[in-house]
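Number of protein chains: 2
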Amino acid sequence: MSNKHRRSPIDLNDGVVELAHGAGGSAMTMLISEIFYPAFNNDLLLQQNDQAIFNVDTGKLAFATDSFVVSPLFFPGGNIGSLAVNGTINDIALGGATPLYLSASFILEEGFPLKKLVIIAKTMGACAHAAGVKIITGDTKVVERGKADGVFITTTGIGVIRNQTVLSANQIMPGDCVILSGEIGDHGVAILSKRENLNFETNIISDQAALHELIQLILEVGGDHIRVMRDPTRGGLASALNELAEKSDVGFVINENKIPINSSVAAACEFLGLDPLYVANEGKLIAVVAPSAAADVLTAMRSHPLGYQAEIIGVAIEDSRFFVQMITRIGGRRIIDHLSGELLPRIC
Amino acid sequence: MSNKHRRSPIDLNDGVVELAHGAGGSAMTMLISEIFYPAFNNDLLLQQNDQAIFNVDTGKLAFATDSFVVSPLFFPGGNIGSLAVNGTINDIALGGATPLYLSASFILEEGFPLKKLVIIAKTMGACAHAAGVKIITGDTKVVERGKADGVFITTTGIGVIRNQTVLSANQIMPGDCVILSGEIGDHGVAILSKRENLNFETNIISDQAALHELIQLILEVGGDHIRVMRDPTRGGLASALNELAEKSDVGFVINENKIPINSSVAAACEFLGLDPLYVANEGKLIAVVAPSAAADVLTAMRSHPLGYQAEIIGVAIEDSRFFVQMITRIGGRRIIDHLSGELLPRIC
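Chains A and B, in that order, give the protein sequences. Positions 1 to 348 (my numbering) are the ones given, in order, by the first sequence. Positions 1 to 348 (my numbering) are the ones given, in order, by the second sequence.
Just chain A, with the same shape it has in the complex (with noise of 0.2 Å):
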């Protein structure tokens, strides 16, 4: 009589995702338990309760989101699983908090392969758990076959505040430094290398890392001297001065002989007609840092492996007009606008 244990067994090897895994029966809750639950494995989520239920030691949070659509899923340095995690480790951490946990939503397209599934969610469980974060609650979609792009992940931080430095887009002074953490462009050349429509080779590996550590650093060092800290993610180094520079009512100054670049990433970006002040990182920071605190915080970073090639690049100055302007490698001024349309998409 009973059909309790007739359900069809996963198979994880060959399998692909149907629409089943979405319904919200047995082929979910299989789905669920042989991939989701040994790679985020964690006593929270493990309650398998509709929500995650937990207890914070301050009521002061931070908390952000962020969907990844990067294509392809695999790149050099990473897949959209560790950016995934990574990603939003760097939100919750930029906002001077200590990232402790994420819920992570899967929107899955009909046919993809199951083992392709079981490495990215493996791989975010391994970014978790180096971060020392858990990935405690999540949901699972199914949309057919041409309706969605293999795997689209959102993920949600929550973490504490535990220091008294407030940080925020609208506190920069004129005179304050702005320290960028190192190379630009790795990701969004890294993702490019593997486009389907491109063909150039390249050694360059995305940058993609969690910065919550360094980020802690930089606070530690710091304090009430930090104003703000950005990753310059989609729309690269240019689209974070500017969005920083209006929010603040300020100018900045930046000087193109101090931005670390890979030559390969010059290279690639020239090849593929980029400007690399535009193209995205996954890995990097700015920080806008009071001019008295700015060596030491200078020294702080590049003592960390995710900063070691920190440089002030530049500073903010009064500015009416909130311009980003960049005195280039032959001296002249040029301004660094908005990216103002498309530049790359699906880059994270």
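Because identical chains cannot be distinguished in the list, a pair is counted as satisfied if it fits within a single copy or across any two copies.
Derived pair list, reagent style SDA-like, types lysine to any residue, alpha-carbon separation capped at 20 Å:
no.	residue 1	residue 2
1	LYS247	ASP43
2	LYS247	ASN41
3	LYS247	PRO38
4	LYS247	MET30
5	LYS60	ARG162
6	LYS247	LEU44
7	LYS247	SER33
8	LYS247	ASN42
9	LYS60	GLN47
10	LYS194	GLU144
11	LYS60	THR98
12	LYS60	LEU100
13	LYS60	VAL160
If you're looking for bench data, these hints aren't it; they were derived computationally from the structure.
Based on the hints, put chain B in the right spot on chain A.
Below, chain B alone, put in the same frame as chain A:
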């Protein structure tokens, strides 16, 4: 020299989503500031940082996420936006928490009409406002035409738990009563009535609703006698009961005569060859309650507009096989099994 003000305006009437709207530059800023900020209008969102920061009055929190891929996007009784807000509010509230904040992340297909996006965003803002919840952070990605299906939305919620009652799927005991808040199947049938490949007429509208007030009422009246609550969404009442049975190592006996169902829904299900026990609901809940409190909880539920049709539909029993049995209208018994495959893709 400047082109700070050269941004092309956004045409909310006749414009469509373009890849540039996801590129991290000024087109994206425009989309967010013209559509999402006015629709979700609140102080935390308008700080425009990459994360929202807030204080809560207790450190016991509930956290839940859901992606919404419903097709069609607009249906009788709601749209993907109302579903995305109310669905996550419900997941938070079902954990015994007061929902406070949501994040909203959008994956948009190139070419999607902005006019529709405006309606969806306004609906989300209105639903959040009605529930006393704020949408405080978000993300927007755009994928190429044919790589998504209009709009996918992922919402994640945070709530605070102020009451002492511990709700969990694993604490049901034999003898506990199962209370269902109202008629089943409305949401699923409303969606199906608008599917292009089906052709039937019905006056059924989705039951989608925010259940947090009803849930709070149940907790106030039932206190520690409330074991667990669930919303029978994907997979319907049958899947929710099976899941609870397995997590608590009990069986259930439910009474078909007691299960509220609208006659039009019953007729549509018969026409479509669907068992309404497996059809999705988006504004119903089941509460499993100790027998001593069941009558009071039922009375309280019936006093609320979202619970006026509530019924005690069955009881938990000892059963080492964890079966859900139903006494049918004609007095027989049948096993209500897990949904094993796909029933209705993209119902939420």
